[in-house]
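These are the residues of each chain, in order.
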Amino acid sequence: MAARALKGTSIFNIVALAFGLAFLYLPIVILVIYSFNASRLVTVWGGWSTRWYGELLSDRAMLDAAWMSLRVGVASATLATVLGTMAALALSRGDRFAGRSLFSGMLYAPLVMPEVITGLSLLLLFVAVDASRGFWTVTIAHTTLTMCFVTVVVQSRLNGLDRSLEEAAMDLGCAPARAFFAVTLPMILPAIVAGWMLAFTLSLDDLVIASFTTGPGAATLPIRIYSEVRLGVKPEINAICTIIVALVALAIMVASLAAKLSSDRARTPAPL
Amino acid sequence: MAAGSSARKLFSRPARIAAISPYVWMVLFFAVPFLFVLKISLSQTAIAQPPYMPVFDLGKPGALSQAFAMLSADNFRLLLSDNLYVLSYLRSVYVAVVSTLILLVIGYPVAYGMARLPQRLQPVAMMLVIIPFWTSFLIRIYAWINVLQRDGLLNDVLTALHLVSAPVVWLSTDSAMYLGIVYSYFPFMILPLYATLSKQDMTLLEAAADLGCSRRQAFWLVTFPMSLQGVAAGALLCFIPIVGEFVIPDLLAGSEKLMIGQTLWLEFFTNRDWPVASAIAVVLLVLLVVPLVIYDRLQRRQLEEAR
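Protein sequences appear in the order of chains A and B.
Just so we're aligned: the first sequence equals residues 106 to 377 in the working numbering.
Just so we're aligned: the second sequence equals residues 13 to 319 in the working numbering.
Misleading hints may appear alongside valid ones.
One side of the interface only, derived from the structure: several residues of chain A facing chain B at Cβ under 8 Å [as the list claims (entries may be wrong)]:
hint	residue
1	A214
2	D310
3	M358
Treat the hints as calculated values from the structure; they're not laboratory data.
For clarity, every value in this text was computed on a predicted model and none was experimentally measured.
Think of the CB as a built atom: it goes at the ideal place given N, C-alpha and C, for glycine as much as any other residue.
So here's chain B without its partners, still in its complex pose (with noise of 0.2 Å):
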């Protein structure tokens, strides 16, 4: 297909037409999509199959003009005016936030001892760490469901080391939640740090040495700050999708407190009320918008960078 250099004799027409279609796919199925949900959030609820009032319906005469008459923000209005949801918004934020800063202080140090394995070693850590990763997300809560239920092996281990007298409640807590987080999530932190770790020029540190640096010095002063690339990429890459997190709240913590990403599927799944849950939708895009920016800067600019 397209060779970089020799560009000029390669557009042939399927190759074209090969480097165009994955575009079309995602324009149709991603980008095209989310007008139907910014449509969908201003236009009121009915009950009907589907349940919402038609917004335009451009056959007709003049059905431009009546379909801007039609527009309501009275969805985007409830969000404001209804605790639920900003609390919602507010919860979420405050979890991804939390989750992301665990998981940086774990991830950190598992990455850096990957990074300074011995050589040969390093797949072999990198495989280990990707491995859970290929094996279901919803096994993976479900198996520390067995773990933190009540009769599960925790509390079985905590009372057998006279920890605890009686078994703990785990599940339907924020700490489990947290805990199926930073599990799930672990990987995502683990490998663009390890990626900037590992690619570290080892005669700086060196130099670092020879100058009178402590380890520790040279670690604060040279290492830390030159992977600050790989931290924030792995930082965004499990904060964004966190806050919009449905399962591990919902299997994991209690169902008093609700994150967004619940209130979005009880909205539409149990209330039925689609038009709301679009308007959240769109609301959390925008709320993602500033990260989903800087992370594909930092993509981009690592891919370029490889080029």
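Chain A with its partners taken away, still in its complex shape (with noise of 0.2 Å):
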């Protein structure tokens, strides 16, 4: 059934798999070529350089942005993935509790809910309180953004998960947050920290939100990307997004050989 399922739509499924595949990709990496073009005009190639790349490290103002960008990121990322767990641990393995569903109507909705929406509502909260806006201010809505995602990662997984390991553990006389912290915690962990790195590349990557809930002279990356954008295409900005897309792919790189190495592990000592 198998291979003549494969054989009758493998020709249909090869063209449409390669058509959205470029649709995804080949942008990017004409981004990526034309950061090394030669020339300030974009449109025209002038040969191979780096000048972009050696020009961006005096745009101190990009600089101060990307920094201001990678504290933001950690931070919430960091807030995100504690909470999102605490949270994707209470859905999956709690009772059903009053307010249950409210709870995870609650928590999904950041997902869907547009991003304008969500950022004038923070604002105006950050506003009622008398925050003064800066970088906690755009740490806490990034927290706001990004938990949900986390806990989609860590719940799926938990979901996934033999139970009964955790039951051994306790009937075996583990404390409750003995049997979590030696059985369940090291099972879920490549979720974790897949949700982390999720959280900070969406903390990264968000504009809309941050602009609202920024203050003077704290503009995150996009932010500062954005306000370049406005005015067209420029080298530089090729060039600060090759290195952004770099560092992302590095991310995914090591996070897969993470979540691989995690799971031979679980599994080589398994003989059962």
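Assemble the dimeric complex from its two separately framed chains, guided by the hints.
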């Protein structure tokens, strides 16, 4: 059956997949190639050069924005991972507490809520309590936005987990907390790492919510890039975008390698 | 922490606090802020910092009645009376519907192709679809500006192939905007579709074939109806955020017709009219309540099934 299905659909499938992937990747490849263009005219190819990367290093405002984005990304991803993991545990292991459906509804709402609404509402909160806007307000906003992504990733891992292991640990006399740290946590660790990376890249990426919640002099990288992009295509912007793409690609490789290693390790000592 | 079947021994105090903290966070930073939006939307614009009239000051005697007296629906009346806002809402919904339909038509065959790949290739295909989603949204839109600009690659290719004689204007058009939206939301459509399609029981198709169905009939009678939950999830996951989209129309579409996210942004950042911006947000939220509730139902059903 599998062979027949494969033979009958493979040409159509391969064409559809190839088109889809070309559509997804081609623009990014072009962006990367043009970041190495020696010509200032972005449309004329003037030979290979790393000139624009050098110019980036002297762009003080861009570097400050990148530093701000990295700090916000690390802080908010860490907060979101801790909170999101706890939420996933509560949803998948907790019993039906009062307001459970309201809880999960509220938790997942930022996933689809238009960013202009989330951004505006958080800003009005910060103004109402007279918080000074900058690093912390953006961090809180990004934590709120990204927590649900961590929850989704961790919860799907928790749901696929063999729960009898936890129960065995507890039957063997482990306190629940110890069973969690000795059995559950190591098993969901790859999902937690993946959740952190996802939260970090989402924070690094966000323009709208950061624009609303940041204050003067605390622009994040997307805010800075956006103000440049509005004025048109520039080779420096291609260069900074290429750096970000490279960093993200590296992070994905590390994450998938870590996930593979941990799943290999999990498999080996189980010759049941 | 709390393990379902053995919950009796699990609800220790630290575990309970841990379970409740994300809940507290979301109430504080997601639910409560909406109340502020509602409050400001009912207040009046002022040239001050912050730029709205205070609605209530509970410290004073009689503050509450005074507060109610000061509430005003002027901002909402403005939204209804000025064509600019009504047209923005209509355009947003229209753009979201059209984009979602395009995404479905393109996304379904790709998701179907992925789900029918040999088992060992499926995770690879999945990764390939997700990776661009990890790179910045803004960068991906910027990448398209590179391709679509007047002297960009698309015009070069079209001219070289003699398909057009003069460069076509792509930027600042609706086509560019739709392209950008479809591109950005592609994974959001594919993933739920793939999730339902890959779970499908292949023996059902075999049964259909044994009963004399052609492959096409089997698809329309078995596969497609069974994937409707994924279709609905993918469509809502795209439709809802697209209605409020700001960056893509701002960078790729022309500036004569605005989507509601752009109008809100303009009122807030350019006109500094916070009360009107809040009123726009309230109306937008009301428009989205029904799709949001349906999406929440679907999402929960899926998670409960997986539990």
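Structure-based check of each hint:
Restraint check, A214/A versus chain B: the minimum CB separation of about 7 Å is within 8 Å; hint holds. Annotation: interface hint on D310/A holds; nearest CB of chain B at approximately 4 Å, less than 8 Å. A hinted interface residue such as M358/A counts as satisfied when its beta carbon comes closer than 8 Å to some beta carbon of chain B; here the least separation is about 10 Å, so the hint is violated.
Figure legend: structure checked against the earlier numbered hints; the only hint not met is number 3.
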